[in-house]
Amino acid sequence: MFLALKEIRHEKLRYGLIVGMVVLVSYLVFVLSGLAYGLAQQNTQAIATWDAQKIAVTSDANDSLAQSLMTKQTANKVTLTKHEAYIGQAGVVAKAKGQPKLSAQFLGINRGEFIYRKLTVTSGHKPTTSRQILVDDSFKTNGYHLGDKVSLGATGGKFKIVGFTHNAKLSVAPVIYGTLVTWRTLSHVTSDFKAGGIVSNRSGFKPQTSDLKTLTMSQFINKLPGYSAQNTTFTFMIAFLMVIAMVVIAVFLYILTMQKLPNYAVLRAQGIPAKVLVTTTISQALILVVGGLVIGAALTAATVLVLPAGLPMSFNVPLLAGVTGGILLTGVLGALIPVRIILHVDPVSVIGG
Amino acid sequence: MPALTLAHVSKQFGHDTNQVTVLKDVNFEAEAGQVSLVIGPSGSGKSTFLTIAGGIQTPTAGEVHVQDQSLQQLAGKARDALRLNKIGFILQAYNLIPYLSVQDQFTLVDRVKPRGNLTAEQLANLLDQLGIANLTKQYPGELSGGQTQRVAIARALYQNPDIILADEPTAALDSDRVKVVGQLLHDLAKQHNKAIVVVTHDLRLQEFADKTYAIMDGRMTLA
Ligand SMILES: Nc1ncnc2c1ncn2[C@@H]1O[C@H](COP(=O)(O)OP(=O)(O)O)[C@@H](O)[C@H]1O
Ligand SMILES: [Mg+2]
Chain H
271 MFLALKEIRH
281 EKLRYGLIVG
291 MVVLVSYLVF
301 VLSGLAYGLA
311 QQNTQAIATW
321 DAQKIAVTSD
331 ANDSLAQSLM
341 TKQTANKVTL
351 TKHEAYIGQA
361 GVVAKAKGQP
371 KLSAQFLGIN
381 RGEFIYRKLT
391 VTSGHKPTTS
401 RQILVDDSFK
411 TNGYHLGDKV
421 SLGATGGKFK
431 IVGFTHNAKL
441 SVAPVIYGTL
451 VTWRTLSHVT
461 SDFKAGGIVS
471 NRSGFKPQTS
481 DLKTLTMSQF
491 INKLPGYSAQ
501 NTTFTFMIAF
511 LMVIAMVVIA
521 VFLYILTMQK
531 LPNYAVLRAQ
541 GIPAKVLVTT
551 TISQALILVV
561 GGLVIGAALT
571 AATVLVLPAG
581 LPMSFNVPLL
591 AGVTGGILLT
601 GVLGALIPVR
611 IILHVDPVSV
621 IGG
Chain C
39 MPALTLAHVS
49 KQFGHDTNQV
59 TVLKDVNFEA
69 EAGQVSLVIG
79 PSGSGKSTFL
89 TIAGGIQTPT
99 AGEVHVQDQS
109 LQQLAGKARD
119 ALRLNKIGFI
129 LQAYNLIPYL
139 SVQDQFTLVD
149 RVKPRGNLTA
159 EQLANLLDQL
169 GIANLTKQYP
179 GELSGGQTQR
189 VAIARALYQN
199 PDIILADEPT
209 AALDSDRVKV
219 VGQLLHDLAK
229 QHNKAIVVVT
239 HDLRLQEFAD
249 KTYAIMDGRM
259 TLA
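Chains H and C are the protein sequences, given in the same order. Taking the working numbering, the leading residue of the first sequence gets 271, the next gets one more, and so forth. Taking the working numbering, the leading residue of the second sequence gets 39, the next gets one more, and so forth.
Since the hints were made in silico from the structure, they are not lab data. The reader is advised that the hints may include incorrect statements.
[Stated by the list, open to error] Distance ranges between label pairs, derived from CB positions:
1. C:54 to H:525: 35 to 43 Å
2. H:507 to C:209: 28 to 36 Å
3. C:116 to H:602: 26 to 34 Å
4. C:63 to H:549: 35 to 43 Å
5. H:521 to C:148: 30 to 38 Å
6. H:602 to C:218: 42 to 50 Å
7. H:507 to C:157: 54 to 62 Å
8. C:116 to H:610: 20 to 28 Å
9. H:549 to C:58: 34 to 42 Å
10. C:212 to H:514: 48 to 56 Å
11. C:149 to H:602: 17 to 25 Å
Beta carbons are placed, not taken as given, at the ideal position from N, Cα and C, and that holds for glycine.
Using the sequences and the hints, build the whole thing.
Structure representation (structure tokens):
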């Protein structure tokens, strides 16, 4: 530690540059994983608030609730307990006078069923008639108010916003909660159709009919359009970035170590154990990487503060811990490469001439 | 018992037609309380001799003993420990760690070997004697060649080793400083009972030696 710190203090520019690199890499990794997580959340937030376990959609819907239309006949084959709720999804464009158009996901649910009960309202109240809707907070940030009359398509007339709810996003669009009656109108289906599917908060939920296919929530989420493609893309970007970071850090540490070999040879000649020099190199790498991470994290925090609110960036502890751990590991791996050279440094090389 | 003994030591480098024999049947003894000088021209094998004597290179044939310990019988780590505790090297080049101040060069030794080093008072006296007491805050890059050499000497002595191996310790010094260093090595031998081995081509050191060897093309003879 003594040697490590003394050297960093003496070679400020050199080590400053390495820290700078770690800062940039960790900043990029933090921001990317924040965006990845934020986007993933906007795909699924609404679902998460229901605390649901299973969803049943029609067998021909290709695991998509938006494509699922469940007839009364099919619905009658399943008895719902207080753990189940009917649901129907329809993509809509919301428009109120003097307000911007917003693409949204309309979710039709029944009053009294568990999804409705789970909804929390940040202002206003839950809808009590089929002309009333509860909408995601982002409507408010886009200028909508309680009481605004909103059209959700060419047909169906206007609906009144009676409440706002938090974290209601599905497929990166704000959610509008209304009734299944409205869902039928927006989906252009008759009352022969009961709903889109059934959501349950029991893990044992399994309708005994081949008309319906039951998915776990995570299966369902992975089938949301674009969701797994997005995640894979981000995962690969972050993984590649980590690998590049490792190579770059390793190369830097390698060059630094090569430059220090004559010094290390002197120390070896004086009987300083190789272990001390290895510890020095690794603790140096850790100091540099931790320093870089801290600054990178601070930069990320600053970025979050100045970014427009609409940008999907969010963090959670496991995610941050994973990213931080990954970069730390990267740094240590990078530092381990020159260790071999240090162990083989030849003290004879500095004696003579 | 001599502090350092080399018996029938040979050293060859390379193989077959590239083979060179740098040391040929070298016999050498250094006693505690004496300055042993090895004088020879450049390329005669002085540094090779010194590295073998200090256990950082192994001879092709022959035996090296530090006090009663045969170096051949020590594993790498034990040889490190022996160097750290018993042997001080004064090297010809790269003596000092560039990113440590003069004071920190000594502190580093304390970190690795907490016991048996010079006390603060002894160190202050030593630096005073060498005329470098005012340089403790400097970095090696800020020192002249002669100052560097004197700090390196202090650095080797700081470990308080029984044996001091010096490779051309006066190379960068003017005649006055040569006298100071020669006297210092002489005093160390006499007052602190150290075995001092100096390899050099500098004949000016001869007057401080108790025993002088000559080395020429790898053959050592007692002068
Ligand atoms: N590792 C080595 N491989 C081959 N030849 C070497 C090696 N080390 C030293 N030599 C040769 O041994 C001879 C003596 O070298 P050295 O001990 O450094 O002499 P001095 O210190 O007296 O100048 C030189 O000719 C040198 O080229
Ligand atoms: Mg030499």
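query: For this structure, which hints from the list above don't hold up?
result: The structure conflicts with hint 2 only, although it agrees with all the remaining ones.
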